[in-house]
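Peer 1: Build the full structure now, drawing on both the sequences and the hints.
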Amino acid sequence: MSEPVGYRRDSQDEHPPALYEGYKSTVLRSPKRLPIKINHTLTEITGPLFGHGKLQPGEDDLSIENGEEAQGQRIFVSGRVLDEDGRPVPRTLIEIWQCNAAGRYRHPIDQHPAPLDPNFVGQGRVVTSDEGEYKFTTIKPGAYPWGNHYNAWRPAHIHFSLFGPAFVTRVITQMYFPDDPLFLFDPIFNSIPDESARQRLVSKFDLDSTKPDFALSFKFNFIVRGRDATPFEE
Amino acid sequence: MSEFGITASQTVGPFLKIGLAQGDQEYVVAENVKGALRIDGHVYDGQGQPVPDAMIEIWQANIYGKYDHPDDPTDAELVKSFYGFGRSCTDKNGNFFFVTVKPGRVVGLGNTLQAPHLAVNVFARGMLKQQVTRLYFSDEIQANSEDPVLNSIDDAGVRDTLVASKVNDENGMPCYKFNIHLQGEMETAFFDV
Ligand SMILES: [Fe+3]
Chain W
1 MSEPVGYRRD SQDEHPPALY EGYKSTVLRS PKRLPIKINH TLTEITGPLF GHGKLQPGED
61 DLSIENGEEA QGQRIFVSGR VLDEDGRPVP RTLIEIWQCN AAGRYRHPID QHPAPLDPNF
121 VGQGRVVTSD EGEYKFTTIK PGAYPWGNHY NAWRPAHIHF SLFGPAFVTR VITQMYFPDD
181 PLFLFDPIFN SIPDESARQR LVSKFDLDST KPDFALSFKF NFIVRGRDAT PFEE
Chain C
1 MSEFGITASQ TVGPFLKIGL AQGDQEYVVA ENVKGALRID GHVYDGQGQP VPDAMIEIWQ
61 ANIYGKYDHP DDPTDAELVK SFYGFGRSCT DKNGNFFFVT VKPGRVVGLG NTLQAPHLAV
121 NVFARGMLKQ QVTRLYFSDE IQANSEDPVL NSIDDAGVRD TLVASKVNDE NGMPCYKFNI
181 HLQGEMETAF FDV
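Chains as they are written, first to last, in the numbering used here: chain W, 1 to 234; chain C, 1 to 193.
Treat the hints with care, since some could be wrong.
Here are a few chain W residues that face chain C, going by a calculated C-beta distance under 10 Å [claimed, not checked]:
1) Pro17
2) Ala18
3) Tyr23
4) Asp85
5) Val121
6) Trp153
7) Arg200
No lab work stands behind these hints, which were simulated from the structure alone.
Positions of the beta carbon are idealized from the N, C-alpha and C atoms, including for glycine.
Peer 2: See the structure below:
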């Protein structure tokens, strides 16, 4: 059998390091040994694809619960999933979760005394189209305080989970909103060393895809690792 | 750097279960499937404290060593309705579990044969990017001794962190223990893939 074609390696400064002291919880949850580099085998170049229609209709719309509208600013969040060579990633699962417009998560350990919204759960899923496109309808999340340091607030964000075509393209990240004054003070956002990699997590306001009298719109594209050009040499 | 820069990782944060814990994703197979086994483990931090907000994902071949994916070119058989993906969020004690089957052996690089193994992703609050590891089985002594990834690790103590140990059966189901230590003396071997 010919050797499998692996995926390109991420450059070091495009992802956050395991240990980033500004984000205190990393201190005890970051390995001390360097990771062991392994070449890609069939295990790494395959992965779950989810193209088999397990989703229910409406999982792409977080703004309505039991037929009732959630509170806050309704928005579309849409974009494409591409690989590093610009090829679309079709039929891959995207899962999102977020707090409500007031900055409160529907979760037992969220003690932030902002109101819960009975019509907002904050969880959605879609599978990308054949052209790698996706679209969610949701509510613009609020900023919320967290205990990392004195007066710490997270910039508004939506958590995004994406599979891509292989085990090694799996990524979980956070999408931010343009011009947030909290970027400067947020260690999670700033843990990414490369400035342009950081800016790529900031969605763009897009007037063309808004819907008059209904919803604003933000664009957020995903780029996952591309294939190596040639099979791996031993 | 390519024209399209990759999307950076960020932590799953403390509220990951809202988005990621749904359905019985711990069950890669049903409990009554022939050959079903249970994997049980805890996630610990650098002080040995359980991590209650972690998520473990596994990806594996079927019993014939075939991945349900178009880039697996081997002619081993697919198993109907066996998919190979599992997900388990840790409980308040840092515990996760899976019910699955032992995968067959999958070819490695350079005409090698890998021992039965699962690819493992570890996510948690306090982790800005997932850590990647593998799970091997303690009762595969011969296969493990031939596995190129295990053999690339010189330190036996580090290598052993990848091997789930067979413990007493539970309701007739073989049971394996696999703890994950994010940091510290028993730190799990993590991979740069
Ligand atoms: Fe959050």
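Peer 1: Take the hints in turn and mark each one as holding or not.
Peer 2: Now the hints, each set against the structure:
1. Pro17: Because about 7 Å separates Pro17/W from the closest Cβ in chain C, which is inside the 10 Å limit, the hint holds.
2. Ala18: holds (7 Å)
3. Tyr23: Constraint on Tyr23/W satisfied, holds at 7 Å.
4. Asp85: holds (7 Å)
5. Val121: For Val121/W, the interface hint holds, since the closest Cβ of chain C sits about 7 Å away, which is under 10 Å.
6. Trp153: This interface hint is violated because 14 Å lies over the 10 Å limit.
7. Arg200: Check passed: Cβ of Arg200/W comes within 6 Å of chain C, closer than 10 Å.
The earlier numbered hint that this structure contradicts is number 6, and it is the only one.
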